[in-house]
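K.L.:
Keeping their order, the protein sequence lines are chains Y and A. Going by my numbering, the residue at position 308 of the first sequence is 308; the numbering climbs one at a time, nothing skipped. Going by my numbering, the residue at position 103 of the second sequence is 103; the numbering climbs one at a time, nothing skipped.
Bear in mind the hints are in silico, worked out from the structure with no lab data behind them. Mixed in with the good hints, there may be bad ones.
[To be verified] The calculated DSSO-like cross-link candidates involving lysine-lysine, where the alpha carbons are at most 27 Å apart (straight line), are:
1) Y:LYS303 x Y:LYS327
2) Y:LYS140 x A:LYS135
3) A:LYS32 x Y:LYS116
4) A:LYS138 x Y:LYS204
5) A:LYS163 x Y:LYS116
6) A:LYS94 x Y:LYS327
7) Y:LYS134 x Y:LYS204
8) Y:LYS204 x Y:LYS279
9) A:LYS163 x Y:LYS102
10) Y:LYS277 x Y:LYS351
11) Y:LYS228 x A:LYS94
12) A:LYS138 x Y:LYS134
13) Y:LYS140 x A:LYS138
[To be verified] Label-pair ranges, simulated between beta-carbon atoms:
14) Y:LEU166 x A:THR174: 45 to 53 Å
15) Y:ASN301 x A:THR174: 31 to 39 Å
16) Y:GLU324 x A:GLU35: 50 to 58 Å
17) A:LYS32 x Y:GLU235: 36 to 44 Å
18) A:THR174 x Y:ASP345: 36 to 44 Å
19) Y:ALA239 x A:GLU35: 24 to 32 Å
20) Y:GLN297 x A:ASN21: 50 to 58 Å
21) Y:VAL178 x A:ASN10: 45 to 53 Å
22) A:HIS4 x Y:GLN297: 58 to 66 Å
23) Y:HIS167 x A:GLU100: 41 to 49 Å
[Said to hold, decoys possible] A few chain A positions that, by computed beta-carbon distances, are all more than 10 Å from chain Y:
24) ARG23
25) SER28
26) GLY64
The C-beta atom is built at its ideal place from N, Cα and C for all residues, glycine as well.
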Amino acid sequence: MSVVTDSPVHSSSSDDFAAYINAALDASSPEALSDKDVENQDEFESVSRIKRRKFESIKETEGSTLEGTVKDNLAVAETSVEVDACTHPGSFGNMCIRCGQKLDGESGVTFGYIHKGLRLHDAEISRLRNTDIKNLLHHKKLYLILDLDHTLLNSTHLGHLSSEELHLLNQTDSLEDVSKGSIFKLEFMHMMTKLRPFVRTFLKEASEMFEMYIYTMGDRPYALEMAKLLDPQGEYFNAKIISRDDGTQKHQKGLDVVLGQESAVLILDDTEHAWMKHKDNLIVMERYHFFASSCRQFGFNCKSLAELKNDENENEGALTKILEVLKQVHSTFFDGLQEDLVGRDVRQVLKSVRKDVLSGCVIVFSRIIHSALPTLQKMARQMGATCLAELDPSVTHVVGTDAGTEKSRWAVKENKFLVHPRWIEAANYFWQKQPEENFALKKKHY
Amino acid sequence: MFFHIVLERNMQLHPRYFGRNLRDNLVSKLMKDVEGTCSGRHGFVVAVTGIENIGKGLIRDGTGFVTFPVKYQCVVFRPFKGEILEAVVTMVNKMGFFAEAGPVQIFVSNHLIPDDMEFQSGDIPNYTTSDGSVKIQKDSEVRLKIIGTRVDATEIFCIGTIKDDFLGVINDPTTV
Ligand SMILES: [Mg+2]
Ligand SMILES: [Zn+2]
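Isolated chain A (complex conformation) (with noise of 0.2 Å):
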């Protein structure tokens, strides 16, 4: 799910960036700092919409560095447990298949995938059900559902299932 929230945060900048330029290099040096990255509370900050307020800076003994406290908007992406995510598949095997939404990491385990669908190995390794009519290999499109998640610095990990009505391919990339 995204989220449209003000986050603050307090930037250190070295005096040679000071100057008429000063408000461009904090803007420039917080997304550097911030977008892709990911915190449990937060999720992922997808990207950074505007800037609210900069406080006034404080001088660093000794160091010469200024601290300023920026507050800004941005966008996140947490995933939710119960959340329906359309994702796209990276790899698949015979323990199920890995797939991709933006930043988040998902593994829908084989136990996960309907009972009608068969692995099948070879140069393209792919589940498919008996009468062939659904196929899900690398790059498909899926709708499933994330049954657990966990936010780490740098990455998002779910567990998803497509066993449940409505869920599975929504887009066979050999059709398009």
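The shape of chain Y in the complex, shown without the other chains (with noise of 0.2 Å):
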């Protein structure tokens, strides 16, 4: 404890006072007892709630007591803080951050993944964001909220692994450094964790265009674990981690926590249901399912990626498509006179990018299960296709299941792409058409 020596209070006329609060101490020293090891746990509460109070009442004294030795002994100047005009913008250990008033209640939002303890206003975090976005777009960045389940890495338990898997037990990276590494075993939390192929190429050039944030449904140990592997140096997430315990809505994930503009927002998740608010803010990312256990979570019945000692390619991978999308959306944003930065919205810029992947497109449906029709239309629409009902000479593509329908035959006489619904759904996920002949219906499909 180095602060023993070196503490500047230790003035020659600050040793009036410490005699003054040693009497203070002494004279009510039946107090001193309340450590006491009580066996009847009721009581004992019931007594320190007591002398809690108390204590209340002394320190006030004690305070106000040092502030005026202090005043009078050390002619210390007045802060320049005015505690009456304070609007308390926020709160530290339940006193104002502003003016250091103890504050009643539990008001405004906690900022726990920045420190425990620590509360702001609407207000203040209005003001905190409206200074940020300058500084930030004078840097030329955005920012970026990152999931990490099925986003950037793929969890299991240990026990979940399957026979198949066993083997990665004894395939893992070493902890010691982890910036080499993509598969670990953490012990300690009963856990391996596969990182995505591409993840820390990703994370390097994202830093250079976004401020970025990990936001998790996973809870605050997980998520400081999963930081550590991913950012081993500690040189993008500092302090801008978010888990569930630190969201103000259950099951939902807001901007509300993130002292950022809303219109300078990039979310990349798999999960689009948790970002209800933010959708157009958000990039929904394929899943990546290393481990079986993920695979059977989510009611596939095939072989994980582990079982099949295979995995993501690191140039074709979802992280990789991505990147060029962020680039993409990024330069545009920054494009052309600097002047009216603030005023722009990257949900626009994300939102005309999108519509560039199937723009020239004529879209109809064949024999589609009703209940997906919806979706898919409104994804080909957001990608800027063109969605029809009926045949015309127009139409450039026809989506289906069933080769054998009368829409379908009319496309290969007509020499029209005829291919899988699954065509636009990995246009969706990688923001780029994709080539037709993958993913053409044949007639031997069905």
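Build the complex: two chains, separate frames, hints provided.
P.N.:
This is the structure in structure tokens:
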């Protein structure tokens, strides 16, 4: 405890005060018995509550006496803070962060992910966002919120490894230098985590365009462990790791706990419905399922990548493709004149980039399950395609699951593309029109 | 501020600790129990420095445990409003900075950082004067004034300010 020796308050005139405090503490020494190990818990609690109330009053007098002493003896200038005028913009340990006054109640938004005990009021949050956005845009950066599970990595409980995945137990990378590894066994959490291919390059390049946050539905200890694997140097996510413990609404993620202007935020997440209020900021990620438990959880009855001893391709995986989209959105946002940057909205940019993906495509759907149709149509339209109900010469694509329908046969006869709905879904994930031949619907398929 | 005071505590000891080392056992249990704890009145118990007196033990009915009243000397730390403290910066962000002085967690919001210091984001976030002569970042040592304190069972929270004469950076980690 090195502060003992160099605490500056040990000046001569404070000796009087120390003596006073000592005397005050001694005078009420029966209070010292409050530490007693009392066997009756109820009794103990009520006693300590009463005592705490007494402490409060003692503390008040001590505090004011000290102030008097300091003013008189040390002639320290008054602080410039005007207590009366303070709007109490936020609190730390239930004290106003501006005037130090004790505040009752728990008003404001909790920012426990930044520091325990920190709360901010709406006005302060918007003040901080306003100053920050200018600073950020000046550095040609935007905000990027990153989900963990199925977006940047895949984790499984050790007990849920399938028999064909057990070989992984001997193949995990060292936790000594995690920056070189991609699969880790976290014994103390009974977990195994596989980082998505390309994630390190992704984070490095994205960090040059974005101020990045992690936002996960996992709990706080999990989020911090994952951050250690993804960002061992702490250069990307320092105090910007948000877990479900920090959100303001159950089962929802919200930008209210992010100190960034919504018009400058992009979100990467595989779970669309977690972001009900911020769909326009969201880029939905194709799920990364490395482990069998993850496949099962989402109802896939196929072999996991781990069981197949396979993985996503570094150069063609989701993170690789989405990094390209991020670069495009970023450069479009900062394109041209710098003056009106604050008025720009990344959500509009995202929308326009998305509109280019299938622009020029005219789509007719053929025999799609009724419940799936609206989603597909919406996707296609957002990507700039035109959807028609009936065939006409302008149609470029017929999308269906059955090559034998009338519309399908028309497509073949008229030399139009006949593709599976996955062609639309793939374009939606990769923000790029996919080669039709990879999704062609042929006679033999049915 | 540090104080050297005498406190009293009733210690319960299991009979297996009786014998020649009874006193040593009591003292080590005392240190384990009280060092590092906080109370609203005395603040943070930094260290037990001596035993004044160990009273007569009292056998508890039915359990065999014996309660000893122990009077001990200890160093306690308790910050006061108006006190000047030196602290080490632990985190810097757009809201201000957090600093530690031993067990005390201090927050200095950007309302209480001089107006000529501006926040710089980046790999090492910091507050810097426009001429670049003064910089506050993680691990900087700062002198600050406490304007509010709250003592919990295990932690002490303070609000600090460096918006006053002779306050601010006293040691820059980059120049060491
Ligand atoms: Mg997810
Ligand atoms: Zn206030």
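K.L.:
Now tell me if each hint is right for this structure.
P.N.:
How the hints compare with the structure:
This hinted pair does not check out: LYS303 (chain Y) and LYS327 (chain Y) have alpha carbons roughly 34 Å apart, beyond 27 Å. Under the criterion of a C-alpha separation no larger than 27 Å, the hint pairing LYS140 (chain Y) with LYS135 (chain A) is consistent with the structure, at around 23 Å. Note on LYS32 (chain A) and LYS116 (chain Y): the hinted pairing holds, with a Cα-Cα distance of about 25 Å set against a maximum of 27 Å. Proposed proximity of LYS138 (chain A) and LYS204 (chain Y) is supported: the alpha carbons are some 22 Å apart, at most 27 Å.
Proximity of LYS163 (chain A) to LYS116 (chain Y) is assessed by CA-CA distance (about 24 Å); at most 27 Å being required, the pair is judged to hold. Note on LYS94 (chain A) and LYS327 (chain Y): the hinted pairing holds, with a Cα-Cα distance of about 26 Å set against a maximum of 27 Å. For the hint linking LYS134 (chain Y) to LYS204 (chain Y), the alpha-carbon distance of about 23 Å falls within 27 Å, and the restraint holds. Under the criterion of a C-alpha separation no larger than 27 Å, the hint pairing LYS204 (chain Y) with LYS279 (chain Y) is consistent with the structure, at around 25 Å.
With a C-alpha separation of about 20 Å, the suggested pairing of LYS163 (chain A) with LYS102 (chain Y) holds against the 27 Å cut-off. The hinted pair formed by LYS277 (chain Y) and LYS351 (chain Y) meets the criterion: a straight-line CA distance of about 16 Å does not exceed 27 Å. With a C-alpha separation of about 23 Å, the suggested pair LYS228 (chain Y) and LYS94 (chain A) falls inside the 27 Å cut-off, and the hint holds. At most 27 Å may separate the alpha-carbon atoms for a hinted pair to count; LYS138 (chain A) and LYS134 (chain Y) meet this at roughly 23 Å.
Taking the CA atoms of LYS140 (chain Y) and LYS138 (chain A), the gap is about 24 Å. The hint holds against a cut of 27 Å. Checked against the hint of 45 to 53 Å, the pair LEU166 (chain Y) and THR174 (chain A) passes, with Cβ atoms roughly 50 Å apart. Against the hinted window of 31 to 39 Å, the Cβ-Cβ separation of ASN301 (chain Y) and THR174 (chain A) comes to about 58 Å, which falls outside the hint. Under the hint 50 to 58 Å, the C-beta atoms of GLU324 (chain Y) and GLU35 (chain A), about 57 Å apart, fit the expected range.
The hint said 36 to 44 Å for the Cβ distance between LYS32 (chain A) and GLU235 (chain Y), and at roughly 39 Å that hint holds. The beta-carbon spacing between THR174 (chain A) and ASP345 (chain Y), approximately 38 Å, falls within the hinted interval of 36 to 44 Å. In this structure, ALA239 (chain Y) and GLU35 (chain A) meet the distance hint of 24 to 32 Å, their C-beta atoms being roughly 30 Å apart. At roughly 56 Å, the beta-carbon separation of GLN297 (chain Y) and ASN21 (chain A) lies within the given 50 to 58 Å, and the hint holds.
Checked against the hint of 45 to 53 Å, the pair VAL178 (chain Y) and ASN10 (chain A) passes, with Cβ atoms roughly 49 Å apart. Hint check: HIS4 (chain A) to GLN297 (chain Y), Cβ distance near 60 Å, so the stated range 58 to 66 Å holds. The supplied range of 41 to 49 Å is met by HIS167 (chain Y) and GLU100 (chain A), whose beta-carbon atoms lie about 46 Å from each other. With a minimum CB-CB distance of about 18 Å to chain Y, ARG23 (chain A) clears the 10 Å threshold, and the non-interface call stands.
Every CB of chain Y lies more than 10 Å from the CB of SER28 (chain A), the least distance being 16 Å, so the non-interface label holds. Chain Y leaves GLY64 (chain A) outside its interface by the beta-carbon criterion, the shortest separation being 13 Å against a cut-off of 10 Å.
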